[in-house]
Amino acid sequence: VRVSIKDISIVLLALGGLFSLSAPAAAQDARHHGHDHGHEATTGDSSQWRMPPMDMIMMMPGIQGRIPNVGPYLPGQGIDPATIPAARYREVMELADGDTIDLEAMLVRRVFKDDEFVMFGFNGQYPGPLIRVEQHSTITVNFTNSIDMPSTIHWHGIRLANEFDGVPGVTQDAVQPGESFVYEVVFPDAGIYWYHPHVREDIQQDLGLYGNMLVDSPDPDYYGPANREEILILDDLLVDERGLFPWGAEHTTHATMGRFGNLFLVNGKPGYSLEVTAGEVVRFHLTNVANARAFNVSFGGNPIKLVAGDLSRFEREEWVESVVLAPAERYVVDVHFEKPGDFAFMNRAQGLDHMMAEFVEAYDTLGVVTVRDGALEHDHRVTFAELRAYQEVTDDIEGYREHFDRLPDHEMVLTIRAGDLPAPVLLMMGVDTIYSPPVEWTDGMVDMNWLVTGRDITWLLREPATGRENLDLAWEFEQGDVIKLRIVNDPLSLHPMHHPIHIHGQRFLVLDQDGRRKENLVWQDTALIPVGTTVDLLVEMSNPGDWMIHCHTAEHLSAGMAMVFTVHASP
Amino acid sequence: LASVLLALIAGAAVPVSASAQQATSAGYYDFALYPTARGGHAAASIRMRTAASPFTLAVTVDGHVIYDIRVEAHRLRPSPQSVYIAWAAPPNLDTVERIGVLDDNLTTTGRVHFNKFIVFVTESPSADAATALGDPIVLRGTSRSGRMRSIFDHSDIVGEEP
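So the protein lines, in turn, are chains A and B.
Just remember that the working numbering sits 1344 ahead of the position in the first sequence, which is counted from 1.
Just remember that the working numbering sits 1088 ahead of the position in the second sequence, which is counted from 1.
Since the hints were derived computationally from the structure, they do not count as laboratory data.
Keep in mind that a hint or two might mislead.
What the hints assert, rightly or not - Rough simulated footprint, nothing fancy, chain A against chain B, three-plus residues with beta-carbon under 8 Å:
| no. | stretch |
| --- | --- |
| 1 | 1129-1142 |
| 2 | 1210-1221 |
Claimed, not checked - Partial selection, computed: residues in chain A whose CB lies under 7 Å from chain B:
| no. | residue |
| --- | --- |
| 3 | N1640 |
| 4 | S1642 |
| 5 | G1644 |
| 6 | E1665 |
| 7 | R1692 |
| 8 | A1693 |
| 9 | M1699 |
| 10 | F1703 |
| 11 | V1783 |
| 12 | P1835 |
| 13 | D1858 |
| 14 | N1864 |
For clarity, every value in this text was computed on a predicted model and none was experimentally measured.
We put the beta carbon where it would ideally sit given N, CA and C, even for glycine.
Could you put together the complete structure from these sequences and hints?
What follows is the structure in structure tokens.
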């Protein structure tokens, strides 16, 4: 048994902290005695915290009555919901090269079951409009911010000009409420992409500010034949009997595990449904926009063919039983529905209840695909049964193989630094060190997670060679450089978590995982790094400018897990 | 909570933080097997790596992580009349899956996809043995996930492998 001085000091700190708990709920009531805490407000009450919905998770001793050290935020406070436009389902904007569109971030009214919520939406829609363009086209977007906090639009995965990347403080100033910004968006790569704010993503994205961009290749044979396409955005939303559960106003709450929702949404609404004819091959373009939840989705046992990832097709199509999507990742899959019946579109995961140290089956039905008998106009079962190899992808990657076996140019460790955590939380984290799963599929410590804010902890991208962290890192490259970046997700940190790491403005290959070469490569902009995993990325620095690398768990980003690197333009 | 505090005050190891400068992800899910009386001075190490996948995590359709597992035993007595076979099972033992027969180097590889599980090695009369039932166990150990205890139970904290 080893107990270091540091350990002892932390234990003493924790013990002392038990007797100096910060504001309990009772004190909060006293501070807000003038407010009406009734149940009638469809927008909720931004002055008052309430305990998060716990489902089956037991509350931790010592946590009861405690609240986060930030105020609660709910949208539309002080505004009569009746004056807010009802949201409508997304429209498809089929755009030509040179077109100009308007996107407005605004308040909308949403109805889930019988409950009406005030949320955000682009152009009054949920999700935001589906922008469909031809590869290599350019569009202009006039963005207007009509919500009550600064915002921007980030064009996730799009290798566009740096000044339009939408990162406040790096590529532009945040767009203040009532102000506008003009983006010029070029689409160099075919595939499925998405747009979202890059200011307080934990709030703005969660409230509905997201939309897809589907970029069509001029090659009609880019993908195999399919009977139809479905563009699906996967999300979750945290609600309780009083409506939307409040977000942290000054800093994010749920800073340890991220904010998991308990209402599953597909394209912004619960209960996805699709009717197809028996024999159809359906192409699903999947995007995970959840703040924190990784999905593991399947289609009722129907065969799934994995075709493409973030920025390209795979070198070869392959069969998979399910599709794993971390936040911000996209995949394109073809699914063959051969026989009639109802097939559940499900998310299946093994959650971990950290209190009881037990795994919990987290099986949730996201929707139903109903397959009916009928005549098919085109029967694609023969081509579906074949796995296509995409020689263009392999040829493209071939030019980078000379870099595959080089030593890493940079290394970063994913870890965490705690500040003044509440004593019971510090104790729990200190004791709960035996095991961390590769991916936390669910919120396994609900109250503790909620209680920890961006004021309490800092998530870190740390360079071991220099000890520099996050925005103190200043990597510089020349346009055309190809670099190997090694990422180590520290399993021995205070709170190991998986991290979906996103690199702006460039594309990369996940080359090696734990020393093993990946056999079927695909260009990506986001990669899930499980706990205890070392991943080597080969990054093509093709796009000049100042770009961000960050974790796409929204709460981890809000808690500091980001850095900026520079690609200098070649002369 | 009192039990937590007592455990801490009693001097149990509390590795509250780790130096990220020294961080390495290798081997976090590895674990050891320990001998039964029949196993004498034998030992084994279990190396766990997530299986190859087009994603960065291999899981079953039900979300169980799929691991490639490598069993490396040491000091097992040579036994001309029998072979050593490695098995994996969840803690309730309701399913026992065969990992493989240990080769001349006392090594075998296979796959597991249980949340919590044990690995054990039997001394079996034939390499064709389809069940572990009845054959003597010489080594056994618990996965890292299987060593988790609830927040109210810290009775067996005895140290932590880095």
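**Asked** Looking at the structure, which of the earlier hints fail to hold?
**Response** When the structure is compared with the hints, numbers 2 and 5 turn out to be violated.
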